[in-house]
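Visitor: Listed below are the residues making up each chain.
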Amino acid sequence: MTSIQSACVRKVKQKKVAIDTQVPEFKTDEMIINLGPQHPSTHGVLRLILTLDGEVVKHTECVIGHLHRAQEWQGQNRTWFQYQALIDRVDYLSGMFTSWALCAAAEKIDGAVVPERAEYLRVLVAELNRISSHLLWLGTYLIDLGALYGFPFYPFIEREKILTFFEEVAGQRMMYNYIRIGGVQRDPKASWFKKVEEFTKQFAQRIDEYEAIVTENPIFLKRTKDVGILNKEVAMAYGVTGPTLRASGVAYDLRRFKPYSVYPKLEFTVPVYNKHGDTWDRYMARVQEMRESNEIIKQVLDMLPEGEIMTKKQNAGLRVKAGEGFAAVESPRGVLGCYIISNGSDKAYRFKWRNPSFSNLSVLPPLLENRPLSDIMAIFGSLDIIIPDVDR
Amino acid sequence: MIPNAAEIRKLSVLSFSWLTVIFVAVWGVCWLVGILIPALLANSSFDFARAVSEICEAITPLLAVMVFIPINAMFMVLMERRVLALFTRRNGPNRVGPDGALQTAADAIKLLLKEDITPTGADAAMFTLAPIIFFAPSIFGAIPLLAAVTNNNKLFQIADLPTGIFFVLAASSIPVVGIVMGGWASNNKYSLMGGLRSAAQAISYEIPLVLSIITICLLAGTLDVVSIAKQQSGGILNWNILGGGALTGLNKAIAAFISSAGPPIAEVIKTYYPYGWLSLIGVIVLCLCTIILFGIYLIGACAEINRIPFDLPEAESELVSGYNTEYSGIKFAIFFLAEFTNLFIVSTIAVVMFLGGGDCPLPTWLNPLSYPAVYIPLTNILSPILSLLIDKIHLINPDTFWAALWVILKTYSLVFFAILVRGTLPRFRIDQLMDFGWKRLVPITLVIFVLVAFARGVINFHV
Amino acid sequence: MSEEVNKPAEQAAEATVPLTEGVYGKLLKENGIASTPLPESIGIETLAVQASALPAAMKFLREKAKLNFLVAVSGVDSPDTFDSVYHLWSFSKLDELVVKVRVPKSSLPADKLPEVPSLSNYWQTADWHERETYDLIGIRYIGHRYLRRILNPWDWEGHPLRRDYKQPVDALNDKHPVSMR
Amino acid sequence: MEQFELLTNWAQANVESFMLYLLAAIAIPCAFSVLFDRAIIRSGFFLIGVFGAISGLFLILQAQFLALAQIMIYAVGITLVVVIALMLTNARLEKEFSSIEPTERIGGLLVAALFFLTIYLALRSESWPVSSLQMRADNVLQIGVALLTNYALPFEFASVLLLAALMGAILLAKSDPKETENVTGSLVE
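Residue numbers (my numbering), protein chains in the order written: chain A, 1327 to 1718; chain B, 31 to 493; chain C, 190 to 370; chain D, 27 to 215.
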């Protein structure tokens, strides 16, 4: 049951392959264990059916859907105006992006023009949201690795500030409903921008602090280096996107690659870690991404133009012209797409969400194969899965 | 500017008041049972009364431990939560009682009143026995230490134990049986894996732990905790962490230099370091070795009591709660209590074995209280009160008081260090843990053992 | 449930605007795979292929045309057809393509699910997306190793995103109009 | 120490024999349970009880070192036995089948009776002289001196054996040469 035994098993198997004699295989009972749906580190209600040989995972099956809330069905049975308020709940850590994906798709179909100030505001809140999402990931990932008490709540200090910004501008801390079809909900006060500016100034230092604690920590390195190596080819075949894909060495970021909104006007780099594609690279990709987001926010604050913020009337009569289209934004977890078929009425004919977590999670079984139990958390955590985003 | 100075102040007040409560409670019980009742019954002509007074004296150490452990564990839990909150700039528990002081007491009451569940398919007898086996050794382990940390107070000499440290180590090796038993009896796969991990881990880390202690015993030349503690008296230079007595000569030489009375310095040095350069090398080697040994002891102890970064048996993010997943109510409370008590006991062992026991860290020549010019006026001022308390009713025993105070301070520093580690480090993986234990710690301790055995020969110890 | 079942507007558009073949439509034709152009969805080429031609077309598009990012597999319960929609992007270039497999409802016998060849053995990302589409729309992907419900419980009945799907609670509502509301 | 006089007198008279019977009352049922318990793991735990009681016997014989060594070695050692028992048995199968045939049982009983008889006769024939030697307080020192003088050779042999075991353990714990992790394999066609 210990690693010693499994090492023996491995050795015996190797030998058999090598010299191909009649050595009977050393057979052990496999243990099937249900990880979840109620488990401290499945980040919600994910169930993994693991087949273990000792502590080594032989086979994994993901059972998802425990948090299925029929978001697509609701979209088809609610008016556009009603549904806008619901979609933040798809990915509760980055609600701005789900709103944005929906709005982008609807605006593309509708041909609606979004005022420039609204576009800048969208980028601003989205990047803030990206930072807050990555900060939460950082904390919870450390919990997954077993640093249960100290560090995990440290990034929450900064995240709390961001949530306060959102509360001020959108009225809610998590379910913002701020980005609307045709613009944004409301224009923040001048003092708000000043606060955000102060935040960005000190945030780079805070990332340095986190890195000082985590990045070169020997135990952290031991737990993350060469663990859960995700090859470029596998990642692309599984449709993995976001920092997880970029850590495997594919410089695929929608903000750069298929620029939308005002991203072409902004200067930033897409951090790519083409070393191994292991969990440590994924960690580094996210940390660097936070720095980049911080830079983007600084630029946006400088470039923010005056003007309108909304072109469409926000009431129950909100309609989108007939047509179909797919639009995607780069969420903290990857490509968050929305496929809409509209028939011109007050409800959509068909909604389909393309969630980054859904595709990113599907790569988990091959990553877990032949890894010890403890690595499950290191690998699973590094993929940054949000279960509501998977289950919708 | 410290950002959370207010929190630190609150925590200090909290710690001070809790430690006072612990001190007063334990010493109050001991004084009542060990001194007052026997004193009242001593002149009685009835055999029965005298027997009662003897029994009272005999059970005092046990009583001290029994009173100390639950109150202390309550404070440790509270302190851990508050300190961790401090590290992360949160508010810890601060609602129950004044500034959250009674939070853990409330938790304890809740746990005692909670339904005690035995899962289906569990081996009920073993399931009940496991927390007891886990907890009982910590009481037995604490008893020999009691005399060592109270400056060999007559009250706490339970028995003449020439193998004291061995007794403590034997007691500390039993809890793993409780963990395996609980893990197996729970009829839960997570618990079972926690138990198995615990067995593997405890066996691997027992070896460097015991070897580091044995090396110190080799230096001290005895297995008796009381005499090991006594050998180290006289300031930090005499402690085992700095050469295990190798620097005693230096200490004496400086004292001789300052006082300018007594034997000449050269003579002192000649007595302690007879081989010149060889002795110097020996001193350096011993100092380095003992410092490394202290580190190894701390690592081994962390692994032995399953604390982060070695908390694999109860790895929360992997095994839910490991071996105590299925436990609830009072059984869980006992597991919890024992965990914190074990932390306290291994810290106390470290204090007694490495950090001088109840010794003041200042060397005698640096300690103002050791100069007659200071302590004579002080005692004159305080004598009316002190003489009443010390001589008349024996409420204060100065030796015991200072020793216990220093031990508590040192032990809680180590506990604080353990909390700091808990608040900083992630967890090892099981194979990395075994690698680290067998391939690093065991060889290092073996090498140090040999080095110490040789270096010991070139220095005169405990002359 | 709403009374009005609106027809998607594209049906009308299809009838009036003559459709031209796009870049990828031509490429496919050159390689002997037939496809029908569909109206563009917000400027992106859309084409329909026969179910039988889907694996070959996808293999060609992924390997030769370098559209190697299968963003999503969606199922659509259109008024006349069941569509399996494939959004193809590329990790290395900007081109996009929407491929649809349309199974006419009229050709389906009652109680039979529309059948489309599965890509899951060829393209891992299709695995879960196809399971999801099977679960919600009820398109049976032939050749899928593990075509099992993914979002709904394994014993769920019906396919909830179909237009004619009746929720269990709706059925109860019809039976007991007062008590269940 | 005069205030302990009464207690010690009483203790010397009674406690030792009382403790002996108490420990026997723990050890003998535990020993029987080791033999007769169906769950192999539980009998492992009972074995710990037996050894604990025996180390208690050592304690009342003033052989502290032996007693503590017994606890330290056997508590941990038996945990290992239990772990191995856990790994090598299937708990579910054990409950369902009994591998012992009734015919085998008779033979076993015969052997057991014969063995018991032999042991009993052997014990009866021994005269069991009571040693007049007083156990000395520094018996750890005595053991140490004895080990390094009279019994130096066996001691060294044991050390070499232990060293070999230690090295073997390290060798087993040593991980394989790093396997190149390739999750791609046949996944991508």
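Because the hints were derived from the structure by calculation, they are not lab data. Any given hint could turn out to be false.
[Stated by the list, open to error] One-sided and incomplete, this derived list gives chain D residues near chain B with beta-carbon spacing under 10 Å: (1) Ile54; (2) Arg68; (3) Val76; (4) Leu94; (5) Gln96; (6) Ile99; (7) Val109; (8) Pro155; (9) Val156; (10) Leu179; (11) Phe181; (12) Phe183; (13) Ala184; (14) Val186; (15) Leu187; (16) Ala195.
[Said to hold, decoys possible] So the derived list for chain B, only partly shown, Cβ under 8 Å to chain D, looks like this: (17) Glu145; (18) Ile147; (19) Pro149; (20) Thr193; (21) Phe196; (22) Ile233; (23) Phe362.
Beta carbons are placed, not taken as given, at the ideal position from N, Cα and C, and that holds for glycine.
Visitor: Holds or violated: is the Cβ of D/Ala195 closer than 10 Å to a Cβ in chain B?
Guide: holds (6 Å)
Visitor: For the restraint on B/Phe196, tell me whether the closest CB of chain D is nearer than 8 Å.
Guide: holds (5 Å)
Visitor: Hint check: is the beta carbon of D/Ile54 less than 10 Å from a beta carbon of chain B?
Guide: Since chain B brings no Cβ nearer than about 18 Å to D/Ile54, farther than 10 Å, the hint is violated.
Visitor: At a threshold of 10 Å, is the proposed contact between D/Val76 and chain B supported by beta-carbon distances?
Guide: violated (13 Å)
Visitor: Go through the hint on D/Pro155 and say holds or violated, using the shortest Cβ distance to chain B against 10 Å.
Guide: Hint violated; D/Pro155 Cβ to chain B Cβ min 27 Å, cut 10 Å.
Visitor: Is the interface hint for D/Gln96 satisfied, with its Cβ closer than 10 Å to some Cβ of chain B?
Guide: holds (9 Å)
Visitor: Minimum Cβ distance from B/Phe362 to chain D below 8 Å?
Guide: violated (20 Å)
Visitor: Please check whether D/Arg68 passes as an interface residue: C-beta within 10 Å of a C-beta belonging to chain B.
Guide: With a minimum Cβ separation of about 6 Å from chain B (threshold 10 Å), the hint on D/Arg68 holds.
Visitor: Close enough to count: is the Cβ of D/Val156 nearer than 10 Å to one in chain B?
Guide: violated (24 Å)
Visitor: Taking the closest Cβ pair, is D/Ile99 under 10 Å from chain B?
Guide: holds (9 Å)
Visitor: Is the shortest C-beta separation between D/Phe181 and chain B less than 10 Å?
Guide: violated (16 Å)
Visitor: Return the status of the interface hint for B/Glu145: holds when the least beta-carbon distance to chain D is below 8 Å, violated otherwise.
Guide: violated (26 Å)
Comparing the model with each earlier hint shows violations of hints 1, 3, 8, 9, 10, 11, 12, 13, 14, 15, 17, 18, 19, 23; every other hint is respected.
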